[in-house]
Amino acid sequence: MNTYGVDLMGRRRRRRHSVEFKAAVIRECRKPGVSMAAVALAHGLNATMVRKWVVEAERKTPPSLPVVEAAVSRPVNEGFMPLALPALAEQTDIQIELQRAGTTVKIVWPAAAASQCGA
0 MNTYGVDLMG RRRRRRHSVE FKAAVIRECR KPGVSMAAVA LAHGLNATMV
50 RKWVVEAERK TPPSLPVVEA AVSRPVNEGF MPLALPALAE QTDIQIELQR
100 AGTTVKIVWP AAAASQCGA
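Going by numbering that gives the first Met the number 0, the sequence shown opens with residue 0, and the numbers climb by one from there.
The hints are simulated quantities; they were obtained by calculation from the structure and are not laboratory data. Only true hints are included.
So the derived label-pair ranges between C-beta atoms look like this:
hint	residue 1	residue 2	range
1	16	61	22 to 32 Å
2	85	31	34 to 44 Å
3	31	96	39 to 49 Å
4	78	112	33 to 43 Å
5	34	55	17 to 27 Å
6	109	84	18 to 28 Å
7	94	31	44 to 54 Å
8	61	93	53 to 63 Å
9	84	55	48 to 58 Å
10	23	88	52 to 62 Å
11	47	23	12 to 22 Å
12	58	91	53 to 63 Å
Capping the alpha-carbon separation at 30 Å, the derived lysine-lysine pairs in DSSO-like fashion look like this:
hint	residue 1	residue 2
13	21	59
14	30	59
15	51	21
16	51	30
We treat Cβ as the ideally placed atom computed from N, Cα and C, and that holds for glycine.
Put together the whole structure using the sequences plus the hints.
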(Lines of atoms letter the chains of each structure in order from A and count residues from 1; the text may use other names and numbers.)
(Lines give C-alpha, C1' and ligand atoms only; values in the text may rest on other atoms or scores of the structure.)
Protein backbone atom coordinates (compact mmCIF):
# COMPACT_ATOMS: atom_id res chain seq x y z
CA MET A 1 0.00 0.00 0.00
CA ASN A 2 1.29 3.48 -0.86
CA THR A 3 0.94 6.13 1.90
CA TYR A 4 2.75 9.04 0.25
CA GLY A 5 -0.38 11.04 -0.50
CA VAL A 6 -2.22 10.37 2.76
CA ASP A 7 -2.60 13.30 5.18
CA LEU A 8 -2.35 11.94 8.73
CA MET A 9 -4.67 14.25 10.71
CA GLY A 10 -2.15 17.10 10.73
CA ARG A 11 0.90 17.62 12.91
CA ARG A 12 0.88 17.08 16.61
CA ARG A 13 0.93 20.44 18.37
CA ARG A 14 2.65 21.42 21.56
CA ARG A 15 0.40 21.85 24.51
CA ARG A 16 0.38 25.23 26.21
CA HIS A 17 -0.06 25.24 29.96
CA SER A 18 -1.34 28.18 31.93
CA VAL A 19 0.81 29.94 34.50
CA GLU A 20 -1.61 28.84 37.23
CA PHE A 21 -1.34 25.18 36.18
CA LYS A 22 2.48 25.35 36.15
CA ALA A 23 2.47 27.01 39.59
CA ALA A 24 0.23 24.26 40.98
CA VAL A 25 2.51 21.53 39.59
CA ILE A 26 5.60 23.28 40.97
CA ARG A 27 3.96 23.59 44.43
CA GLU A 28 3.26 19.85 44.39
CA CYS A 29 6.87 19.10 43.44
CA ARG A 30 8.24 21.21 46.30
CA LYS A 31 6.40 19.23 48.98
CA PRO A 32 8.79 17.14 51.10
CA GLY A 33 9.15 13.54 50.01
CA VAL A 34 7.37 14.01 46.67
CA SER A 35 8.93 12.71 43.46
CA MET A 36 8.86 15.11 40.52
CA ALA A 37 8.44 12.15 38.20
CA ALA A 38 5.37 11.01 40.14
CA VAL A 39 3.83 14.50 39.94
CA ALA A 40 4.56 14.65 36.21
CA LEU A 41 3.03 11.22 35.66
CA ALA A 42 -0.07 12.16 37.67
CA HIS A 43 -0.63 15.17 35.41
CA GLY A 44 0.30 13.41 32.15
CA LEU A 45 3.44 15.52 31.72
CA ASN A 46 7.04 14.81 30.82
CA ALA A 47 9.22 14.61 33.94
CA THR A 48 12.07 16.52 32.28
CA MET A 49 9.73 19.37 31.42
CA VAL A 50 8.42 19.51 35.00
CA ARG A 51 11.99 19.55 36.33
CA LYS A 52 12.72 22.47 33.98
CA TRP A 53 9.68 24.36 35.33
CA VAL A 54 10.87 23.85 38.92
CA VAL A 55 14.43 24.99 38.14
CA GLU A 56 13.15 28.10 36.34
CA ALA A 57 10.82 28.90 39.24
CA GLU A 58 13.71 28.57 41.71
CA ARG A 59 15.79 30.99 39.63
CA LYS A 60 12.98 33.57 39.57
CA THR A 61 12.17 33.28 43.28
CA PRO A 62 14.71 34.92 45.60
CA PRO A 63 15.97 32.48 48.21
CA SER A 64 14.29 32.83 51.56
CA LEU A 65 16.58 34.05 54.29
CA PRO A 66 16.99 31.80 57.31
CA VAL A 67 15.51 33.05 60.54
CA VAL A 68 18.31 34.17 62.82
CA GLU A 69 17.63 34.48 66.51
CA ALA A 70 19.01 37.48 68.32
CA ALA A 71 22.39 36.80 69.86
CA VAL A 72 22.33 36.52 73.61
CA SER A 73 25.17 38.35 75.28
CA ARG A 74 26.96 36.12 77.77
CA PRO A 75 30.00 36.95 79.83
CA VAL A 76 33.18 35.43 78.44
CA ASN A 77 35.40 33.60 80.88
CA GLU A 78 38.82 33.22 79.32
CA GLY A 79 40.33 31.52 82.36
CA PHE A 80 40.68 27.84 83.10
CA MET A 81 37.42 26.01 83.65
CA PRO A 82 37.67 22.54 85.22
CA LEU A 83 35.35 19.91 83.82
CA ALA A 84 33.94 16.98 85.71
CA LEU A 85 34.81 13.71 83.97
CA PRO A 86 32.86 10.53 84.50
CA ALA A 87 34.54 7.87 86.57
CA LEU A 88 36.42 5.27 84.57
CA ALA A 89 34.37 2.18 84.04
CA GLU A 90 35.80 -1.00 85.41
CA GLN A 91 37.51 -2.93 82.65
CA THR A 92 35.64 -6.08 81.89
CA ASP A 93 36.68 -9.16 80.03
CA ILE A 94 36.16 -9.70 76.32
CA GLN A 95 33.77 -12.59 75.78
CA ILE A 96 33.39 -14.44 72.48
CA GLU A 97 30.88 -17.25 72.19
CA LEU A 98 30.46 -19.42 69.08
CA GLN A 99 27.67 -21.96 68.62
CA ARG A 100 27.47 -24.51 65.83
CA ALA A 101 25.64 -27.81 65.57
CA GLY A 102 25.04 -28.16 69.29
CA THR A 103 28.62 -27.30 70.25
CA THR A 104 29.45 -24.09 72.10
CA VAL A 105 32.93 -22.56 72.33
CA LYS A 106 33.36 -19.67 74.76
CA ILE A 107 36.50 -17.52 75.01
CA VAL A 108 37.03 -15.07 77.87
CA TRP A 109 39.96 -12.65 77.48
CA PRO A 110 41.06 -9.76 79.72
CA ALA A 111 40.24 -6.36 78.21
CA ALA A 112 43.68 -5.07 79.24
CA ALA A 113 45.21 -7.49 76.70
CA ALA A 114 42.72 -6.75 73.90
CA SER A 115 45.46 -6.27 71.29
CA GLN A 116 46.56 -9.91 71.71
CA CYS A 117 43.01 -11.30 71.62
CA GLY A 118 42.82 -11.71 67.85
CA ALA A 119 46.49 -12.72 67.34
